[in-house]
Every structure is written in C-alpha cells, then in structure tokens.
Amino acid sequence: MKITAFSWIIITLAITAWVFILPVKAVATILVLQLVLLLYVKHNRMMLAAIGGLGVFTGMMVLLQMLFGSSLTVSLIGGLRMLVMTMAFLCMLSTTKIQDIAKTLVDRFHLPVEYAFMLTTALRFVPNFLEDSSVTLDAQSCRGYSNRANALQHLLSYVVVIRPLVMRAVAKSETLALSMELKGFGANTYKNMPREQFTLWDLLALLVVVVLSTYPFWAKYFQ
Amino acid sequence: MLEAKNINFSYRRGVPVLQDINCKIDDGEFVALLGHNGSGKTTLTRLFMALDHPRSGQILVDGNDVVKMEPADLADKIGYVFQNPDLQILADTVFEEVAYGPRVKKLTEDSVKKQVDDALEAMELTDLSQSYPRLLSFGQKRRLGVASALALGPKTLILDEITNGQDQAEKVKMMEYLQALNEKQGVTIVLITHDMDVVRRYARRALVLTDGKQVFDGTPKDLFEGSYPVENWGLRRPLASVLAAAFQVSAGNCHEFCAAVTKEAK
Chain A
0 MKITAFSWII ITLAITAWVF ILPVKAVATI LVLQLVLLLY VKHNRMMLAA
50 IGGLGVFTGM MVLLQMLFGS SLTVSLIGGL RMLVMTMAFL CMLSTTKIQD
100 IAKTLVDRFH LPVEYAFMLT TALRFVPNFL EDSSVTLDAQ SCRGYSNRAN
150 ALQHLLSYVV VIRPLVMRAV AKSETLALSM ELKGFGANTY KNMPREQFTL
200 WDLLALLVVV VLSTYPFWAK YFQ
Chain B
0 MLEAKNINFS YRRGVPVLQD INCKIDDGEF VALLGHNGSG KTTLTRLFMA
50 LDHPRSGQIL VDGNDVVKME PADLADKIGY VFQNPDLQIL ADTVFEEVAY
100 GPRVKKLTED SVKKQVDDAL EAMELTDLSQ SYPRLLSFGQ KRRLGVASAL
150 ALGPKTLILD EITNGQDQAE KVKMMEYLQA LNEKQGVTIV LITHDMDVVR
200 RYARRALVLT DGKQVFDGTP KDLFEGSYPV ENWGLRRPLA SVLAAAFQVS
250 AGNCHEFCAA VTKEAK
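Chains as they are written, first to last, in numbering that gives the first Met the number 0: chain A, 0 to 222; chain B, 0 to 265.
Derived by calculation from the structure, the hints in this document are not laboratory data. Glycine included, every Cβ here is placed at the ideal spot set by N, Cα and C. Every clue listed holds true.
Far from chain B by the CB rule (all over 12 Å, computed), these chain A residues:
id	residue
1	Thr57
2	Gln64
3	Met84
4	Pro126
5	Thr198
6	Tyr220
Chain A is faced by these chain B residues, among others (derived, beta-carbon under 10 Å):
id	residue
7	Met48
8	Asp72
9	Ala74
10	Asn83
11	Lys104
Straight-line Cα separation of at most 25 Å, SDA-like style, residue types lysine to any residue; simulated pairs:
id	chain 1	residue 1	chain 2	residue 2
12	A	Lys171	B	Asn163
13	B	Lys104	A	Ile161
14	A	Lys171	B	Ser130
15	B	Lys104	A	Ser133
16	B	Lys105	A	Leu136
17	B	Lys67	A	Ser145
18	B	Lys76	B	Glu175
19	A	Lys171	B	Leu134
20	B	Lys140	A	Leu164
21	B	Lys67	A	Asn149
22	B	Lys23	B	Asp221
23	A	Lys171	B	Thr92
24	B	Lys105	A	Gln152
25	B	Lys140	A	Asp137
26	B	Lys140	A	Asp131
27	A	Lys171	B	Asp159
28	B	Lys154	A	Asp137
29	B	Lys105	A	Leu151
30	B	Lys104	A	Leu155
31	B	Lys112	B	Ala179
32	B	Lys105	A	Asp137
33	A	Lys171	B	Leu89
34	A	Lys96	A	Gly185
35	A	Lys171	B	Asn83
36	B	Lys140	A	Arg167
37	A	Lys171	B	Arg133
38	B	Lys104	A	Arg162
39	B	Lys4	A	Asp137
40	B	Lys67	A	Ser156
Working from the sequences, and respecting the hints, build out all of it.
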C-alpha cells in the first residue's frame, strides 16, 4: 500500500479541518488510527520518543488551558484536537520522502520552488540540529555544568546552548546556499523529476477525505 | 587512572559498538587510541567521561565506578576535547569561553582569572583573549578547546582527533605542548587520532580497536615495526617505520631514521 505525497498532503490538511468539524469520538478514532499507522511504519525508540514528546506537549497545553479557566472537558478536547493535528504531520513525514513532498508542492500545488525548498530544508535540518544540541550540551556538562539538580537548571542549560546552535545554523545555511548555487539550483529543480503515479489507494484515500470533509452536510441531511 | 573492565556497549539493541573491552590507563601515560572510523574509539572515551554508560562491565576513574556519575562530576579530573571545536564554544570572548568551567565550579574571581590566564598562556592565546571565538582560525579554535579543558586543572586529557585540520606547524606545536604537559606536569594524555606519524613520535602506548574489539595494546614501536596486520585494522604504518623496516633499523621519525642509517653506514 503506497499513497503518493499529494494524497498525504491533502489528508494532512483535511485532518486539521476534521478535528473541528467531526464529533469528538471520531477525532479520537483518528488518533488511534494515527498511532497504529505510526507504530506500523516504525516502532523504534525514536518514534516512541516523538509520540511521547507530542503527548507531553499536549499535556502542557491542557494544563495551560485549565490554568486560564477552561473546564477539564474543554481542555481535554482542545488537547486532543491539537494532538491529532500534529500527529497528522508526523504521519505524513514518517511515510513520505521529503523530496517527494517538495516536488508535489512545486508540481501540483504550484508553490514557488524556493519556498518548497525552504520548508523541506527546515525539516531536513531538524536531526542535525538535535545532534548539534546534544554535542553542545555534552561539551557544557564536560566543563562542570550539572543539570541534575532541578528542572529549572535543566532548562537553563538549553539557554546557553541556543546561541551556539543558532550561529552554527547560520553558518550551515551559508554553506548550503553556496553549494546549491554551484549545483545549479533553480526553477527546474523539482520539475525534472518524474511525477508520482496515482494508485487505487490514492483514489480511496481521497474519497474518504471527501466523505469526511462533507460530514456536517450529510449528517444534517440524513437527520 | 582510567580503567575499563569487561565493557560491552551498544547504542541500539543488537548492534554492538564495544565488545569485551579491558584496559587500564595509569596516571602519567601518553596513550594513543587507534582504529578505523566507527571502531568505537570515541565511544570508549565517552564512557570514561560518563557521557554514556556501558550496558555491562565497569568504568573506573581513580578507582571509583562512574555508573552513577555524570560528566560534571568528572570535569575537574578529566578534560574532554571534542572532535568539532565549533560545537564547544559557549561564550562571546576567548577569555569568557575558558572561564566557563571555573565559573561553573564557583571558583573565586581571582582563581578564575589565574586559571584562565595560565590556560591561555599555555595555548598561546593570551593576545586573543578578547576576540570573538567563532572568528578564530580552525587551529586556534582547537587550542581554545584544549585551553577550556585545561582551565579546570584536570589530571587527564582526552583529545578526540585534535590534530585533524591543522597545518604541520600548528600540529607540531600542539603535540609538543601536550608532550611537555605529560612529561613535566604528569598529565595523562589519551589521544584519538588517525595520524600515525604523531602516534609513533609522541605516544608511549597504543590501543587499537577494530569493530569494537580491542586487538592491540602495546608500544607504537611494536605496533608499527612488528608483524601485526595494521593495514587490516584500518591503520597506516608511518613513513619512518616503513623506511626503517626496509633498512632493518628502528626509527620513530625521519630524524631518528637518518641517524640510525648513518650509524649503520659508519
């Protein structure tokens, strides 16, 4: 079963709309399906960490909403919606190649090539950024900085690390820009690649998107 | 003193990085840790620094198991210089960069100044103390990394590929400084390097890892002039050793080779 990048982008965008128009039970079902898909695609520690990280972030958002006076139910529903939206992007990124996403954005969505490249490059640099931050944190602790004491100190250790990381990212972007120019980056960058062919699975997925996106209409009609 | 006892380590389950490593590095030694890329050299030194912990076995620093320690606990015993100097820079001036460690350790401002001045002087960076570290040359950044590690006065220095990217003059200067530090102040040096000329000339002991296994522990002379399959281990014999073997003399560098050949000729 292979769904093209085009369908994945449509599904991801549709899910961000569904979380607001579908009943909560349906949104929760989507969450379960997303979890099954993610664990089917990759069930390694990194994936579990990504899901766990999103879970923790959602928990923080729920707490924040409660802090500003929302009821528990409203906060939980808000958290669920946010989690499903972010998980949709995680599903897309873990099942589709970044180049395919960029190519589809340029080819089918007519996004200027520079913007598509910017988007995909930002995603491509996330692992490098994490790796660099881990080395810098290690270097910091090798020079006596302990973040064992408390959570605040742990947070402060990241503050020191941010600046070197940003400086390094700027330096890297300069090198990347140069190397892109040397490789002839331009308007035809993605257009010369072959187009992905639609399969039956794509048609099925897009049909589900149409059906679920028009839920308010036919729910009213059948009532 | 650093000791690894029956160390096994893997980052991912089922992919061993280090297998059954046993070694002991006494105070005052100058050890070169050698092996091909991915052989586990850096991983072993990360275990010594408590940046990672072994899956099984024990890592002892001065006789104490580091299993419950973090790198900060070892910072004044072991100075660790990473492979990439750019990622270690945390401050805006060279002085502040070197002062980072002593300040974290909450030394008095007078002690901080003294430690930093000593470290900068040792690495010949005093004139650059108010410079922006990111604008330094690669070699200067390397020296800054060593100065930062020295500022806490460690008994052991672990240097990960410190000679990479340095020109010959910078490399010789750095190695001679490390040699003096080792011989005069008794600082233990653990050097990860792919530069076999440096190993033959400066190290007194060589440890070779291949695919996570320890395959050699002895002197560089034995390693390069013996009948070990060094090429199969991803190493290269130093030119002086190759020439010395051809002329059936013993030499660690070109000067020694010339002296040995002249002596034989006479």
